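Line by line, the protein sequences give chains A and B.
Heads up, the first sequence is in numbering that gives the first Met the number 0, so the first residue is 0 and it goes up one at a time.
Heads up, the second sequence is in numbering that gives the first Met the number 0, so the first residue is 0 and it goes up one at a time.
It is possible that some hints are incorrect.
[Said to hold, decoys possible] The calculated lysine-lysine pairs, modelled on DSS-like cross-linking and capped at a C-alpha distance of 27 Å, are:
| hint | chain 1 | residue 1 | chain 2 | residue 2 |
| --- | --- | --- | --- | --- |
| 1 | A | K8 | B | K211 |
| 2 | A | K9 | B | K211 |
| 3 | A | K9 | B | K133 |
| 4 | B | K133 | A | K8 |
| 5 | B | K263 | B | K250 |
[Stated by the list, open to error] Reference listing, derived: stretches of chain A covered by chain B, where coverage requires no fewer than 3 residues with Cβ under 8 Å from a Cβ of chain B:
| hint | segment |
| --- | --- |
| 6 | 1 to 14 |
| 7 | 18 to 24 |
| 8 | 33 to 44 |
| 9 | 132 to 140 |
| 10 | 177 to 185 |
| 11 | 263 to 270 |
[What the hints assert, rightly or not] Partial pick of chain A residues on the chain B-facing surface, computed with a CB cut under 10 Å:
| hint | residue |
| --- | --- |
| 12 | G94 |
| 13 | P106 |
| 14 | I107 |
| 15 | I111 |
| 16 | I172 |
| 17 | Y174 |
| 18 | F229 |
| 19 | T237 |
| 20 | V251 |
| 21 | A258 |
| 22 | F275 |
| 23 | Q285 |
In short, the hints are calculated from the structure, not lab data.
Predicted model, so just to flag it, every value in this text is computed and none were measured.
Using N, Cα and C, we set each Cβ at its ideal position, and we do this for glycine too.
What follows is the residue order along each chain.
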Amino acid sequence: MYLIKNWYKKNSIAIAPYIFIAPNVILFLVFMIIPIIFTIYISFHDWGILGAPEFTGFQNFVKLFSDKVFWISLGNTVYYTAATVPLSAAFGLLGAILLNRKIPLRPIFRTIFFAPVVVSMTAAGLIWTWMFNPHYGLFNEVLSIFGIESVDWLTSTTWAMPAIIITTLWLRIGYCLVIYLAGLQAVPDSLYEAADIDGANDWQKFWRITLPMIKPTTVFIVVMEVIHGFMVFDLIYTMTNGGPGTSTTVIVQYIYQKAFVEGDMGYASAIGTVFFLIIMVLTAIQLRIGRDDS
Amino acid sequence: MRSTATTISHEEHPETNLQNNFQPKTNMKPSRRKRTFSAKKTIAFIALCFMSLLFIMPFFWMLSTSLKSPEEVSSKDVSLFPKELRWSNFVEALDAAPFLGYIGNSLIVSILAVVLTVFINCLAGYAFAKYNFKGKNFLFLMVLSTLMIPVQITMIPNFFILKELDWINSYAGLIVPRAAEAFGLFLARQYILNVPNSLIEAARIDGASEFKIFLKVILPNIKPLIAVLVIFTFMWRWNELAWPLIVVSEKSMYTVQLGLAMVKGEHYIEWTQIMPLTLLSVIPILLVFLFFQRYFIQGFVGSGMKE
Chain A
0 MYLIKNWYKK NSIAIAPYIF IAPNVILFLV FMIIPIIFTI YISFHDWGIL
50 GAPEFTGFQN FVKLFSDKVF WISLGNTVYY TAATVPLSAA FGLLGAILLN
100 RKIPLRPIFR TIFFAPVVVS MTAAGLIWTW MFNPHYGLFN EVLSIFGIES
150 VDWLTSTTWA MPAIIITTLW LRIGYCLVIY LAGLQAVPDS LYEAADIDGA
200 NDWQKFWRIT LPMIKPTTVF IVVMEVIHGF MVFDLIYTMT NGGPGTSTTV
250 IVQYIYQKAF VEGDMGYASA IGTVFFLIIM VLTAIQLRIG RDDS
Chain B
0 MRSTATTISH EEHPETNLQN NFQPKTNMKP SRRKRTFSAK KTIAFIALCF
50 MSLLFIMPFF WMLSTSLKSP EEVSSKDVSL FPKELRWSNF VEALDAAPFL
100 GYIGNSLIVS ILAVVLTVFI NCLAGYAFAK YNFKGKNFLF LMVLSTLMIP
150 VQITMIPNFF ILKELDWINS YAGLIVPRAA EAFGLFLARQ YILNVPNSLI
200 EAARIDGASE FKIFLKVILP NIKPLIAVLV IFTFMWRWNE LAWPLIVVSE
250 KSMYTVQLGL AMVKGEHYIE WTQIMPLTLL SVIPILLVFL FFQRYFIQGF
300 VGSGMKE
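Please put together the full structure from these sequences, using the hints given.
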């Protein structure tokens, strides 16, 4: 015992870091890395709720390619992401530009815009489901002020996804706004002063100075929001559960559906594996952009 | 160990501290830009008021519905304000679902998770920031690569691992597997990199053990980081739905979000009961946000910046 203690004391600088990272690394291994490997393994098997996994080779993947719902859910994921990312970034930037000046009530505005960011997707999903209620909801009521006819938001195959996108904008604009505000404040005033001397108008200043100067911020926001978009689950689970039909089924929720509702573990793992590959590609692109940027 | 003397000077400005590590100028001071016409400012102000109105509306609608009578809610003319404040909605809602129990579960899970997560993230962040050891880069990359992996990819194996451990429907199952997370570790490492090495070496010469250096030198110097991690972990755990959905099937172990998600599917429950429950679930996190807004914004802004 004494020997071990003595040995540790002598080598503690070499050993201590391993002890310090051990809890983290063990948890990552057991609940992240091993499960990912296991998911890939299971994806080559047929595995229902009962019984043992049975090796079936690429059968799950073959099935996947001809599974309409899989392609629809992939399409919906892309639709959702392609709509939410530019819109929340644009509105966030607009808000940040409006706020980036001496204006009364500035901190209060910022608090109001940011508050939805801390609200859970589940709560937001419920609030907006009720907002979108076709008969008693506030949303159609507000639209009617502008003479727009009532829409059956969440029960319409056309409008369910836009409704979820609107909810997402409420949740995410504040996040983009705050990040943009920080980005805008890092732009040196001298650039604008020089532009003023050259007689540039606001529009020119925005396109020639602001936008190029905050490009790193934009890249960061796009990366974060794309990740966010691809992983959307809670909102859809609470608002539509993928419906009506498959009009709002997204990939993450389709995996959940297959595994825990229908009990088809092998097939769900195959979708998970494909999705994992998609994420890896996205990450690679993201790293590429990040490197080009710096 | 003179821990007061080892506190580095940036301690004095905790509010700008975290960001300064990542980006030179991120504190929210109004810019010193040349004053433009006040007409422009007026337009901006009106636009901001309009936007704020849109952002507050859903909160207001939730509050308003929480206090309306079921008849009023299901009447054809939608009204903004309740005719009379019907506080009994809350009593009825809590009768319909054991929501206080869910809040209790969420509090237990969130608070224990905060303690565990923040501790192990700071500890590992310290090791990754201040030691050289074999496999360091590999291990760090391995952890970071999980940043983008959603729970749904790992949930099937995790479900069976939890079953093996007998952690289904338990606090341990809700807390422990998600205690290690890449975002917090990444933030911790970045922040601890800026703690001067001289402090660590001085303590080492004084004969402090490695763990004692962590406790007495590192921790007192990273208070703003700890604040951000505490708040973020709390928010993340309080708001989480996907993981509890896998771990918990018994109603007595439901967390707040799980309770909320399930409540909608139950036919006998009215919107005048759902909205009070939603309100109760949102209030704790909104309060935390209002009191610690600074740290929320720092965490979000700081997390984005590279070294």
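These are the hints, each one checked on the structure:
Note on K8 of chain A and K211 of chain B: the hinted pairing holds, with a Cα-Cα distance of about 13 Å set against a maximum of 27 Å. Restraint check for K9 of chain A and K211 of chain B: the C-alpha separation of about 16 Å stays at or below 27 Å, so the hint holds. With a C-alpha separation of about 18 Å, the suggested pairing of K9 of chain A with K133 of chain B holds against the 27 Å cut-off. Distance check on the hinted pair: K133 of chain B and K8 of chain A sit about 19 Å apart at the alpha-carbon level, within 27 Å; holds.
For the given pair, K263 of chain B sits about 15 Å from K250 of chain B by alpha-carbon distance, which is consistent with the 27 Å threshold. A stretch counts as covered by a chain when three or more of its residues have a beta carbon under 8 Å from one of that chain; for the segment 1 to 14 of chain A and chain B the count is 3, and the coverage holds. Beta-carbon proximity to chain B at under 8 Å applies to 5 residues in the segment 18 to 24 of chain A; the threshold of 3 is reached and the given coverage holds. Check result for the segment 33 to 44 of chain A against chain B: holds, 6 residues qualifying (beta carbon to beta carbon below 8 Å, three or more required).
Figure legend: the segment 132 to 140 of chain A, annotated as covered by chain B; annotation consistent (6 residues with Cβ-Cβ distances under 8 Å, at least 3 required). Coverage of the segment 177 to 185 of chain A by chain B holds [criterion: at least 3 residues with CB-CB distance below 8 Å; count 7]. As drawn, the segment 263 to 270 of chain A meets chain B at 3 residues by the rule of a beta-carbon pair under 8 Å; at three or more, the given contact holds. With 10 Å as the threshold, the beta carbon of G94 of chain A comes within range of chain B, its nearest partner Cβ sitting at about 6 Å, so the hint holds.
For P106 of chain A, the interface hint holds, since its Cβ comes within 10 Å of a Cβ in chain B; the closest pair sits about 8 Å apart. Below 10 Å, beta-carbon pairs count as interface contacts, and I107 of chain A has one with chain B at about 8 Å; its hint therefore holds. Interface hint at I111 of chain A: satisfied, since its Cβ lies 5 Å from the closest Cβ of chain B, which is below the 10 Å cut-off. The interface hint given for I172 of chain A is met, as the beta carbon of that residue sits about 8 Å from the closest beta carbon of chain B, less than 10 Å.
Hint status for Y174 of chain A relative to chain B: holds, with the closest Cβ pair at about 6 Å, below 10 Å. Of the supplied interface hints, the one on F229 of chain A holds, with its beta-carbon coming within about 8 Å of a beta-carbon of chain B, less than 10 Å. Interface restraint check: T237 of chain A against chain B, minimum CB-CB distance 5 Å, threshold 10 Å, status holds. Given the 10 Å rule on beta carbons, the hint for V251 of chain A holds: about 5 Å separates it from the nearest Cβ of chain B.
Hint status for A258 of chain A: holds, given a least beta-carbon distance of 5 Å to chain B, under 10 Å. The closest approach between the C-beta of F275 of chain A and any C-beta of chain B is roughly 5 Å, which is under the 10 Å cut-off, so the hint is satisfied. For Q285 of chain A, the interface hint holds, since its Cβ comes within 10 Å of a Cβ in chain B; the closest pair sits about 8 Å apart.
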